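There are 2 protein chains.
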Amino acid sequence: MSVTDELIANNARYAESFSGPLPLPPSKHVAVVACMDARLDVYGALGLREGEAHVIRNAGGVVTDDEIRSLSISQRLLGTEEIILIHHTDCGMLTFTDDQFRASIEREVGIKPPWPAEAFSDVEADVRQSVARIKASPFVPKRDSVRGFVFDVATGKLTEVE
Amino acid sequence: MSVTDELIANNARYAESFSGPLPLPPSKHVAVVACMDARLDVYGALGLREGEAHVIRNAGGVVTDDEIRSLSISQRLLGTEEIILIHHTDCGMLTFTDDQFRASIEREVGIKPPWPAEAFSDVEADVRQSVARIKASPFVPKRDSVRGFVFDVATGKLTEVE
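Protein chains in written order, with this note's numbering: chain A, 1477 to 1638; chain B, 1477 to 1638.
Bound conformation, chain A alone (with noise of 0.2 Å):
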């Protein structure tokens, strides 16, 4: 059996117990950018249930031209209205640079990737360039409530980026 197939089985239980549909937009009109990192529950942390929120996660937690297009979606098409970015202790991102892994894919596979990697070294500092990169954007509307948090891995806990 593979993994898949166990949390498919997994499914069937929670579908067991759900009740729908609810709303499309989301009622707490919030998006949140959160780091793909498995250790990172964002409807546990943030005490979300379904229907509340978007979100939005990648490798890092950063910004790219990705968020931008789902912040927007979010935004102008869903009535969101504040953003919560989460970057975590302990990240990945920060075990490597981003010449190191085109490096490592270029004498792999032959190819440079047309991406960087968007590893970095100091996680608030990488906050604020998620919070500045949405700031800057004409395609995000509503910038007024754009608010950066490093989760601690060890802890559980939020703390914000000022």
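Rather than coming from a laboratory, the hints here were simulated on the basis of the structure.
These numbers were taken from a predicted model, which means no experiment stands behind them.
All residues carry an ideal CB built from backbone N, CA and C; glycine is no exception.
Careful, some of the hints might be misleading.
To give an idea of the chain A side of the interface with chain B (calculated C-beta under 10 Å), a few residues [as the list claims (entries may be wrong)]: (1) Glu1492; (2) Val1506; (3) Ile1610; (4) Pro1614.
For this one, chain A is given, so just place chain B on it according to the hints.
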């Protein structure tokens, strides 16, 4: 009190019963790519616990360069091997076209976005499109277990797209 403040207050309660840190690499060696939709709690729907799986999310659950970047980092540096793609019923991406979205932004902002919105008119077809994009990428080394599903927002059930 903003919604952000309310969710950060929730986090203090979450941290009270949190025990960490867990190891960085996902213990189930799986990465999930899902839509950002608020009604889809990926950890709940798949019965995942903290530390088990990378979770990548965006508008639609589509595969663009940024998802390839995240999957590449997930597999090459953190040892994941299986990929689960999740789109869902009643998706916002079914309600507009890329041309409409682009035109509305150009009208309001005066600038055409440099990325397509990635809207779609058929959920199953777009799951297949996303699977095909991963299978075609030289930057994602493990492509033997890439399976796509549709989450039903009325019942909470996942159905595989063949």
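Looking at the structure, which of the earlier hints fail to hold? Those not satisfied come down to hint 3.
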